[in-house]
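Protein chains in written order, with this note's numbering: chain H, 1 to 292; chain D, 293 to 583.
Hint data in this document are derived by calculation from the structure and do not stem from the laboratory.
Note that this is a predicted model, so its numbers are computed, not measured.
Any given hint could turn out to be false.
[As the list claims (entries may be wrong)] Distance condition first, Cα-Cα at most 27 Å in a straight line; then the derived DSSO-like pairs of lysine-lysine:
#1 D/391 to D/380
#2 D/359 to H/67
#3 D/396 to D/560
#4 D/329 to H/21
#5 H/16 to D/421
#6 D/421 to D/393
#7 H/129 to H/288
#8 H/129 to D/308
#9 H/209 to H/288
#10 D/500 to D/578
#11 D/320 to H/16
#12 H/67 to H/287
#13 H/16 to D/359
#14 H/67 to D/308
#15 D/308 to H/99
#16 D/308 to D/320
#17 H/21 to D/359
#18 H/284 to H/129
#19 D/488 to D/320
#20 H/16 to D/501
#21 H/21 to D/308
#22 D/396 to D/567
#23 D/380 to H/16
#24 H/270 to H/287
#25 D/359 to D/560
#26 D/578 to D/393
#27 D/320 to D/393
#28 H/16 to D/393
#29 D/393 to D/329
#30 H/270 to H/209
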Amino acid sequence: MVIDIHTHVNNRWDHKQRGMKTFTIEWLMEIMDGLGIDRFVILPIGASPETRYFYSGNECILEMYRKYPDRVIPFCNIDPRAGSNSETTDFSWILNYYKEQGCRGLGELSANMYIDDPKYMNLYRYCGKVGFPVIVHLYGRFNGSYGPVDDLHLPRLERVLRECPETVFLGHAYAFWSEISGAVTEDTRIAYVKGKIHSPGRVCELLEKYPNLYGDISAGSGYHAITSDPEFGPRFLEEFQDKLLFGTDTCHYEGTQGEILRYLKETVAKGLISQNAYTKITEKNAKKLLQL
Amino acid sequence: MLIDIHTHIVRMWEEKPEDLFTLGRFIKVMDRLGIEKFVLLPVGMGISPEIRAFSFTTEDVLRIYSKYPDRAIPFCNVDPRAGSNSDKTDFSWILNHYKEKGCKGLGELTANMNFDDPKCMNLYRHCGKVGFPVLFHLYGRLGGSYGLSDELHLPRLERALVECPETVFIGHAFAFWSEIDGGITDENRIGYPKGKISSPGRICELMKKYPNLYGDLSAGSGYIAITRDMEFGYRFLEEFQDRLLFGTDICHYRQDSEIVPYIHDALKNGHISKKAYEKITEGNAKRLLNL
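One chain only, chain H, in its complex shape:
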């Protein structure tokens, strides 16, 4: 069985203006069928305003889950500023409400605030208590896009991992995956990883040190991190086989979201990673983490 940790059903504000059709759950199902993906996490979009999409919220995802309960794994999403813009907001009621409805985690976090902002820290702690893993879209600056912000070499993420040991974090996006390489700089951190990786970066160090950090290898950011160095990639997958989760970040009917799955299949077929690592990354880690 293959489980995808990261998909969306969303539509850009200007999708019609760009001649794009409305992306629906049925369309997502078709893509998942085509890729041979059995189950997939759908992450709500628009819980934080810093995106350019129509709202595809918790209730929409739960509706899709009720329609396709054997395929859809619902996540909820709550903005850290929700419930009164305070670092002492009590999120128990709303998180338990979504847990009762079937949600398995929270994300992807997209409020454009420091990842260790007191409001984020408060939300993480509540997620830990409820048992929700948190998917983090990590970005490197304020203004201009969405996602929690960290500095080069992820000092704030480390603080979060240390201070919220009960909460499981899944790293995602440029500012996370560019740190697979020790050579990352201010200029290369918000971009796809390219070329040889001569020394393992902060992501490797943090994955080793903190049992509550996982990696979501979806999207271009995950794919390039794993494939930019043909020798480093398979070693990384093998070494962190208990801490990585396969995902596509499918959010549209066009594109090449299946590349990472093809890569994983080829890599195991060539014997570059073990069958054990492959099964953990594509299925077992998700089952364990999401209690499926």
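Following the hints, put chain D in place on chain H, whose structure we already have.
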């Protein structure tokens, strides 16, 4: 005809399922209050997060509008941080999209940011271009609740009024209405200050000075502002009859709305003119929203 400038059909967190404010319950409330037309304001998750409510989106409002086209007046709502958290976001496409769908304005703004934050100013200017009045919830600080924030005597609101002359602003909530009184202080501005009004406050001054400022009389904040000093209140309604809009802020089926009997009585007992009554309850909304 009564036109209500301010309603929501929303579910707050922790509300029991049996207490859900359904569309059916909402229509019953409007009928009971004798309100013929009502502006529906999107709020909650999916717009600005800083409110303890499930989502009531622009799309929800438009669905209700398609069911009650003669009664519902749809507003859209877009957060100033939307579209990439930048003070240069181009909101034209999304605002024009909602305008084509029938929306007549934007609000209620509930993002907890400074009123004159560059991202807010950018959104206001785009609203001005599209011809959307902006209805805002004014709060007095950052953190602890929802709504745009201004200081005592509303310097940030004044800056927005000066710098966005094409945009019509409709003021609402505590931090706006407490400024009806010149004697307001930092201690009592976020609450329901009561008692005699010592002297006309900043909102009287701002409404006189800026043609693009209006007042939304809904909710406890609006009602108390005009009734805490009855004589002052009637004079205020008469003086600013071209700039005030009747509203309830109904967002629950058990909610009371004292402003409805108040405004009828004010007319019946001759405290305000027929002309003022008609403008506040109907004419101003029709003019502002092009109804």
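Between residue 421 of chain D and residue 393 of chain D, is the straight-line Cα distance small enough, at 27 Å or below? Holds, because 17 Å separates the two Cα atoms, which is no more than 27 Å.
Given pair status - residue 560 of chain D, residue 359 of chain D, alpha carbons within 27 Å: Not satisfied, since the Cα-Cα distance of roughly 34 Å exceeds 27 Å.
Does residue 67 of chain H sit within 27 Å of residue 359 of chain D, going by the straight-line distance between their CA atoms? holds, 26 Å
Against the 27 Å threshold, does the CA-CA distance of residue 329 of chain D and residue 21 of chain H hold or violate the hint? violated, 35 Å
Just to be careful, I want the Cα atoms of residue 209 of chain H and residue 288 of chain H compared with a cutoff of 27 Å; is the pair within it? Distance ~20 Å between residue 209 of chain H and residue 288 of chain H Cα, so the pair holds.
With the threshold set at 27 Å, check whether the alpha-carbon distance from residue 16 of chain H to residue 393 of chain D stays at or below it. Distance of about 14 Å is within 27 Å: holds.
Given the proposed pairing of residue 16 of chain H with residue 421 of chain D, does the C-alpha separation stay at or below 27 Å? holds, 22 Å
If you draw a straight line from the CA of residue 320 of chain D to the CA of residue 16 of chain H, is it 27 Å or shorter? violated, 37 Å
Below or equal to 27 Å on CA atoms is what counts here, so check residue 396 of chain D against residue 560 of chain D. violated, 31 Å
Residue 67 of chain H and residue 308 of chain D were given as a pair; does the straight-line alpha-carbon distance stay at or below 27 Å? holds, 24 Å
So if I understand the rule, the pair passes when the alpha-carbon distance is 27 Å or less; does residue 308 of chain D with residue 99 of chain H pass? Status holds; Cα separation ~16 Å.
Decide if the proposed pair is consistent with the structure: residue 67 of chain H and residue 287 of chain H, CA atoms, cutoff 27 Å inclusive. holds, 21 Å
The structure fails hints 3, 4, 11, 19, 20, 21, 25, 30 (numbered hints given earlier, in ascending order).
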